[in-house]
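The primary structure of each chain is shown beneath.
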Amino acid sequence: MSETIYKSISPSDFFYRNREIAGFSNPSRAMYSAIRELVENSLDACEIRGVPPDIYIRIREISETGSGTSIYALRVEDNGTGVPPEHIPRCFGQVLYGSKYILKQSRGTFGLGGTITILYGQITTHKPVRVTSSTGGDIHEYEMMIDIVHNKPIILSHRVRANRAGWRGTAVELYLEGDYSRSMYRIYEYLKQTAMVNPYAEITFIDPRGRLYRFERVTEEMPPPPRAVKPHPQGADVETYRRLIAITGEKTMKGFMTRHFQGVGPATAEKFLQEAGIDPGKNPKSLSPEELVKLVRAAREFNGFQRPDPSCLSPIGEHLLEMGIRKELGLTDDDFLKVVQRRPSTYLGYPFIVEAAIAYGKTIERRLGRGIKIYRFANRIPLLFDESSGVVWKVVHKIINWGTYKVSPDSPMVVVVHVCSTKIPYKTVGKEYMADQPEVEREITNALRSIARHLRLYISRRIRLAKERRRLSIFEKYLPKIAEFSAKLCDREKPPDIKPLLKAVSLEVSEAESPLREVPELEEEA
Amino acid sequence: MRRRLKLAEKRRAAVELALKQLGKIICEQIENREFPWIMLQSRSTDNIVYDPELRQYVLGDRVIRRHSRNIRHIRPFTQLIWTAWFARELLKLRKTSTLREVYYSARGLRDIEFKSQDESDEIITDLETALNMPRESFNIYPEERSAIFGDLTIEYTVPGYEGKRLNLTEHPDGMMIGPALSTAEIVETSADKVLVIEKGAMFTRLIEEKAHKRFNAILIHTAGQAPRATRTLIKRLNEEHGLPVYLFTDGDPWGMHIAMVIISGSANAAHLRGLATPDAKWIGVWATDIIRYKLPTENLTDKDVKRLKELKRDPRYQGELWQREIDTFLEIGQKAELEAFSRYGLTYIVDRYLPDKLEEAGA
Ligand SMILES: Nc1ncnc2c1ncn2[C@@H]1O[C@H](COP(=O)(O)OP(=O)(O)O)[C@@H](O)[C@H]1O
Ligand SMILES: [Mg+2]
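Residue numbers (this note's numbering), protein chains in the order written: chain A, 7 to 532; chain B, 49 to 411.
Since the hints were made in silico from the structure, they are not lab data. Don't take every hint at face value.
[As the list claims (entries may be wrong)] Taking beta-carbon pairs under 8 angstroms as the criterion, some of the chain A residues facing chain B (in silico):
{"no.": "1", "residue": "487"}
{"no.": "2", "residue": "507"}
{"no.": "3", "residue": "508"}
It should be emphasised that the depicted structure is a prediction, and the values quoted were computed from it without experimental measurement. In this text, a Cβ means the ideal position worked out from N, Cα and C, and glycines have one as well.
So that you can see chain B by itself, here it is in the shape it has in the complex (with noise of 0.2 angstroms):
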């Protein structure tokens, strides 16, 4: 238990040290009488490239300078270095704040202020690149929660709750996955795979029906796109634990694509590395499991097939699969979501579907 503290306490030091040599590189660039400036990883488009080998989005070699010099660029720089003094601040008194609160702290602060929470947003992806870390490092978290449930210990590492151990099937509704959970120390886990769920209504399902047993899964809940700490904790079941991780989608392009930003990444985090799980496997709702299962249907909408057109171009989904199923949702026309099958009753899924879609994947 002590280890696995220090362990924590070590990366926030680590973070916090970061964080302080920024402090003193402007300090002294001034004390040179020099404009401050630093160098950021460009994250224009033309700069995210996909890479193959580490199969996930990330930088390309193009650097850019942020420099104080520049009248466009002062504003900016100067909320940057105020955003990082407050990430400090957080690590300091070992609290955690949201992208919204961020936003709000600002407020009323003058030549700060943000006017958008897109702008305090921007900055704090700024911070990342600058500093090669993600924000929940700097302990700040989106607002959007997810959830896991499953036989899996976990061990806290926040303030008053250091060395508690609490597993994770002890709340029927599944436990959020928040800064606590996203920091805390994995102990043990009788599970043999995880299984990630795009919507609530399914996992609450899942649950009921007790798939973590019948399947021995860990249980996760996305709630839409899955925020970074949730892909990041997925990242490291599959990774430090060996667990495979199966996903499992509404069978559309959004929902095929929620299972690919877990699997390679997304352009937007490009500049950050640990958040893909290249080894996830995308098991349904496929297209073909539309026409195999009979599945109720919708029509696919013109958004949809724009999307799905232009999913078909995308590097990441020049697989066979991928393209076999795009076309296919191109040929039928139709997209089915995961209630979708209600229609066969509430266990067909646990009893029919998934256990076939398991062992075609190989589980």
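Bound-form chain A, shown alone (with noise of 0.2 angstroms):
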């Protein structure tokens, strides 16, 4: 388990007033982000932990409000770390506060989503959150609003009860008010895509109709936990190096390189420092704003670092996200199903790794229909909106050559991109696509041909197979017939025997039933 640190940034006035780029515009997009983001913070909570997450999430609908919208109880239950009860009133009553502000991959980061919800539904409702959480001890439950103004919680109630069943975890209730059925095709995406890259989650869902949905957990393995690492010289902005500077207690600039940076050594930070005009031997507190600039300029342009660590990153795991896919799209033996993780890799000084898969084959076809469809994942967080704005778009629509692997655009496919990062290349604050940074794109496009090359021996061993069968089943009917009836011309009893013809022709199929070769690797494109 990991060290928590919990410390405050800014207001939340300003996301009262902007709460559209944060996912509130309309109550059915609302209705979508409050699901999301809770849910995210359990993930994150039981991960933390170190447990297969169980969540339930649970909508009622409380009273309609206009054509559409209505009132709704939201309730969404963990068995995550469990907040600790002097920690709860901040960590959910006001904005910018949280225990994500280290560099290593979380699915929040800015100490917002939750609160902003909750924030959300207490503008739209004038009903107070209650947050029940346990860390194992006593649970803790407390009613509160949020005193938008100062940014401050406003605690109504605080009630604790003795935890004779040793529950651990976080449920949080809250009111909103919201679209149930526009936004119902997007909450059930969302969570059966979620489902898709966390098969060791138990997901619950019970709906304003009543309906349940459940998304089963199909394996107690979890990935890696992230270690938190040290920021990278080039990926740390302006802003990184003024605060480090700020607690350093290094006397030179060549201690605070080595001591602050990861991968920096003695040697590198003399060498970087003398690159960039500043001498290593002076004190950092006395470097000039214009001195500052400069050292982050050289850092970006210095190509003598390391790559920056990839231990900070949690991909899936290519057995995992194999699991998964396999589980929500209920792949048979018969599908095609191949998923690479690449290595990690870097853009802008922060590291990144790609996992891709792909799904082809008839339970596709039945289950999806024709045709290519993408799901994209930014650290573990399905991505729904504005899918042909994105870089996965652009990599499977306009730059490979689906042709060359035997895939026609109404093959029944499925393509699955995971960018995990420290820093995801979003395009907008909104947190909706990702860019078609050159290095990203590039890692995308390398780990789907790669896939590729395994589809096209799967489709024309398929296209063999099937031919070879219908042969089969050709010669099956029509033998027996020839045997009959040439034995009757010759009035013969008994026709002759065909098995020793049928078998030398299935004996061709098997043939071609045979395990793929593997794969030649190619040289990549750069």
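Work from the hints to combine the two standalone chains into their complex.
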């Protein structure tokens, strides 16, 4: 279990006025975003605790407010770390307060999502939020509201109950105005895709119409938790440098670089500082603002640093991703599924890993129809909006020539791409899609091409197999008739035995069924 | 009489044996773990050649293998074996069947059923090619029936009529040339020629006018293109009984070709011998007759002209008479049907035209 650090940065008024950037622009979108923020907090908490998540979501309709819109009660419950009682009011009642301000991959990052959901609920319904949590000891239950102007929680009640069952986790229950019928499809898609990349999670959802959706856990295995790492000199901005200078105890620039950044040894520090034109012996605290900007710029251009350390990343892993996709798409052994995880790579000093998968076959045709369907994930969060603006769409529809792999635009195929990074190259504040950052684009392209080569073999084998099967069935149909009538023709009692002939044909079929040859790794394009 | 019956019986036994042999070969191939196959002469157009010696179309040397190992061959192969079995049943039961009945008999038989009668006709032709025997020998006949009239005595060989004799003047409409007549033995005739007419109406007219007596001829009506049984009969009368054959058709390319098929055979029966009567003579209606007898005419259609041009290049039409007539048709752009003679009164044809033409032909 990792250490949890709490601190506050800035007020909530801004987000109250600009809530559309956080995804609360209309009742249908708000409904979806609320679920998403609370579920992601729950998944984070379970991963930090290191237990397979058990997440329970329930929406009840309370009263109608307009055409399609209603007041709903939303409850999300998990078996995560729980929040220490003294932090509960601020974690849920103060925007930009949170435990995730460190450099490792997690779903939330700004101390924003959960709280703004509560804020949205409050301004649309004037009702308090109820947070129940335990870190293993007593159960604390807070009823509270947010003082928007002062960005402060207002506690309405605080009750403590004995925890006889030994429950650990958090339950958040709030009221909000939403539009379920318009967000239903998105919510379902979101949960399904979340289940796809979290096959170790059990997710239960009861919707306002009383329908139960269950996304079952298929494994207890979880990906190794990410480690916190020091920033990479190239990925850090001026603000990060300034803050580190403020807290450092180092007396020289050389010591400062070596101590606070990853992968910088004394020799590299010396060489870099010289190239940047800054005296390695200089006290960091005496750096002028101009020198600071010069330093950051030089860092971007210097290519003597080691690659950023990817151990702060938490990819899903080929095995787990395969399980998740297989389960959520209901694939059979007959369908094609191949998952690859690329080696870590970097862009602008940020480490990232691309994981990709292609599924293909009859099951997909039956369940999703024909055509190429794309599932995109960033740090294990499904991206559901603006598909055609994103980098994955560009790679799938503009860069890769599927014809090379015997795939046509109406082939029953699913493309899955997961990018994990300490900084996802989102194009907009709304975090809906990833930009075509060249390094990221290239990794996605190479990942999909390497899978597509396997797919091509699969497809040509399918075609051959189908042909062989058809041949066999034709022989099975006609040979007996030939035997029967030729025997009758020459007054024989028993028709000649055709089994040896059929056997010769089925031998050819089993040859076509034999396992795939390994695909030779081709050289990748830069 | 006994001798004749025995002859028919022997022919039937030979066909049955050939069919049985086919079944045996297939069975043995399967037992040798071999996908069964048979050899056939290729009937594709580039293997059909005109044999000037035989004066008919024949198949060339190319043979093909119908192999059940081949996915495209196995279905027709199976149908062929079924058809062979069906033919053998016909022979065993002494029944006959029409081409259409063969098609219907396979209806509802899974994996054998024919898609259309064209398909079953094709398979029957395959069987003819494989056995080198016409389908009539295994009791399969076409629907079209032509007729015969004249002083000719035949003796039936079909079951129930064995040994029964009939004179073909007995019925004033003429006798249909069906399976029974095709398999009958020819006993005797007083006629000294055969007059073959394309159309039923003219045939009836000639009987009414007692043309058979006037010309001492056996009259045969082909009903368009002469069925094979009719062609076989014509050939037998010509070759076995020494009767010269005269062909009397419409004066257009189609009538001309009806005559030619009787003389030289057709391309789609090139796999069979014994159908052509090379010595038969076409006596009319010629293009030059149209001018000479001032027959009422119709204009040639585009289709007629096209057909005439095709025939002009056909190796069977290279003789002087044929070339001259084709050229004349094209020159005058006219044609005349047999009915055209009615303009001159009903007896003109028997009184004037036919005697003229027969005399010219050397009869
Ligand atoms: N379900 C939960 N379990 C444990 N801790 C939680 C849960 N939800 C929220 N928190 C805590 O509250 C903080 C604020 O959450 P949030 O406003 O969603 O911001 P963020 O997720 O971006 O950090 C989180 O950083 C976390 O420490
Ligand atoms: Mg959050």
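Going down the list of hints, with the structure as the test:
no. : hint : verdict
1   : 487  : holds (5 angstroms)
2   : 507  : holds (6 angstroms)
3   : 508  : violated (11 angstroms)
Violation of the numbered hints given earlier is confined to hint 3; every other hint is satisfied by the structure.
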